[in-house]
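Peer 1: Letter by letter, the chains look like this.
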Amino acid sequence: MDERYIAQIAALQAGETGQKKLSRSAVVVIGCGAIGTVTAAALARAGIGKIKLIDKDSVEYRDLTTHALFDEEDVKNQLPKAMATERHLKTINSAIEIQCILVNVDPSNVEELISNADLVVGGLNDNPTSFLINDACKKHKIPWVHGKAIAFWGTTMNIIPDATPCYQCVFGSPLTHERIYTVENAGAISSTSHIIGALQFTEAIKILTGSKEINRDLITIDVWKGTLHHLKANYRSSCLACAGKYQYLEGKYEAKATRLCDGGKAVEVLSPNIRKISLPDIAEKLSAVGQVKYNEFMLRFNFNSYEIVVFPDGRAIFKNTSDEALALKLYNQYIGG
Amino acid sequence: MIYVDNASTSWPKPEAVYTAMNDFLRKNAGNPGRGSHSMAFAAAQVIEETRMLLARLFNIPWPERIIFTLNCTHAINIGLKGLLSPGDHVITDSIGHNSLFRPLSKLERQGVKVERLRPSSVNGSISPEDIEKAMTPNTRLIVVTHGSNVTGLVQPIEKYGEVVRRHNITFMVDAAQTAGLYQIDVQASNIDLLAFPGHKGLFGPPGTGGLYISKRTSLETLCEGGTGSYSEQEEQPDIYPDKYESGTVNSVGICGLGAGVKFILQQGIDNIRTHELKLVHQLIEGLSRIEGVHIHRAKDWEEQAPVISLTIDGYAPSEIGAILDQAFDIKLRTGLHCAPSVHKLIGTFPHGTVRLSPGFFNTEEEMNTVITAIEKIARSRI
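Same order as they appear, the protein sequences are chains A and B.
For reference, each letter of the first sequence is one residue, going 1 to 337 in this note's numbering.
For reference, each letter of the second sequence is one residue, going 1 to 382 in this note's numbering.
The hints are all genuine.
Distance condition first, Cα-Cα at most 25 Å in a straight line; then the derived DMTMM-like pairs of lysine to aspartate or glutamate:
hint	chain 1	residue 1	chain 2	residue 2
1	A	Lys276	B	Glu375
2	A	Lys50	A	Asp106
3	A	Lys293	B	Asp313
4	A	Lys256	B	Asp5
5	A	Lys245	A	Asp162
6	A	Lys293	B	Glu291
7	B	Lys331	A	Asp313
8	B	Lys331	A	Glu296
If you're looking for bench data, these hints aren't it; they were derived computationally from the structure.
Given only the sequences and the hints, what does the whole structure look like? Please build it.
Peer 2: Below you can see the structure in the form of structure tokens.
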């Protein structure tokens, strides 16, 4: 075995066998930002056989405070983050295969990007994309490690298909979290992403070497307070991904909810993914839940205190609420789902 | 596709507007008034030409007293906030847009007293007599909406102007729905402040508008900065229009606005209005025959701008808008149209109305299609 990995082999429970597994592994890193660069560099040092780096953005000066690996030359050369990461990783370990792909992950490309991967690492603060990765990894039964870092707060968790609760089980829907903190409103410092990246890397090699001690919790850290907590990740009975329904993969998360310029309370949901729906079919489905009436132009559905009006192009108006997240949830539950 | 949302913004624009903006941005888009090179001169010339055209349109004797703004809302804000101080009394109507009511509400919190007159006459306008009765020794400003953006009611600004002038009070007009459609003569109507959008009846692009400030009126500035003139002075120069036009103006937008005004002057403002009113008349006739359709409009045909609202029994306005868009490809606006108080007057608060505002480029055939579509919807009520 290559001399360079002696110390790591000594530390790994699986020893040389484990190192061989790492050298035969293929890992896809989605997001080469503050977290992804830390994780990717550690994976390269550890001798992962194939690393695929995915990111479309370019390196900017403001990234230098948090992103490991990058320097001022990268900014001057206007290098895309994935390409800059590839260049630096090659100077760290020239023996492994590294590939960069400059795209934004979306429903049309995610399955191809992760195909043949043994593990996916997500270092992104973008909620909808995490839900998308979750769907794709669940569908193709690929384990993935989530990581997020905003200001002093970071989270990571492992999602092992058929063995642990998934990202959607734990986080529900993109909108329930969207309005809390983002890097834009709360900022970022490097220690948070370094720790999350380090934890992600550790979990990655545990998963790849077949360790029985992989983490099954949601780990949260606060670097300012110096705390790390394990929160139990629970299965969610209503989780669509666990039921084999991949709504984000089908692009349905792109449905948009907007409060109407209507003095009453109402929210309109537009879904670009539904072009034509059959009102009689929906009526049949919904009549079990509430009162339904329809004509050739629209369908009116009353249940509890809600009134939902559905149109044949898939748009819907939710009355008696100004809560956009709730409208989207109801939409996915009753119309788009 | 049928576009009947011209009260929001006019579309399409005359071909000359597209061409002028394209040419300008390619050839003449230097920074107007900032430099002694030919491109800066050319840009300044286009802007001054637009000012001249607007002066012709509104019978303004001093073009430099027209200042360019981002839109009509911006113009109204400059007028109200530049003029009023705590303790001042303001009289306004109840058919206005939030662009007028919201800045007034803020000023009210700062100590300005605002009196909102309810329509007194049968036709829905406020009466000149009521304005006169509401005046106090502290009345500083009368500000009225020329045309309602919900019902299309046009108020008699020239009559208000007479009253206001007798009392030597500042008179401001919000011409959001009427500029480019009605002959507005600032001298004949004694208008001191005329706020107008560039992107509606004047056929300019979004991001354009203006405010005329009469010689009787002086406004505090809301924004100071570079004007390209008197640069050695620390204070904002006290000359028009520089005083109120700090920073680089929207030259390409103003160029498009100029082309729009030229189009109006060529076509003739009366011809444009006549065409649009003919379409509105056709809509009113056709729609009022349909059972379950209620039209909200000016009571008197003479006071009707080419904007009307409607409601249909059994449907919320937003539902009708969605159906017209997707099943018939008809584009219009629904809801409150940013003018909540007029809906309280006509009884359509809080859900609002469906608004139809045909433009110069709509045809009678299109209006028939709209009527047929609304008839189908009204008949198939659930």
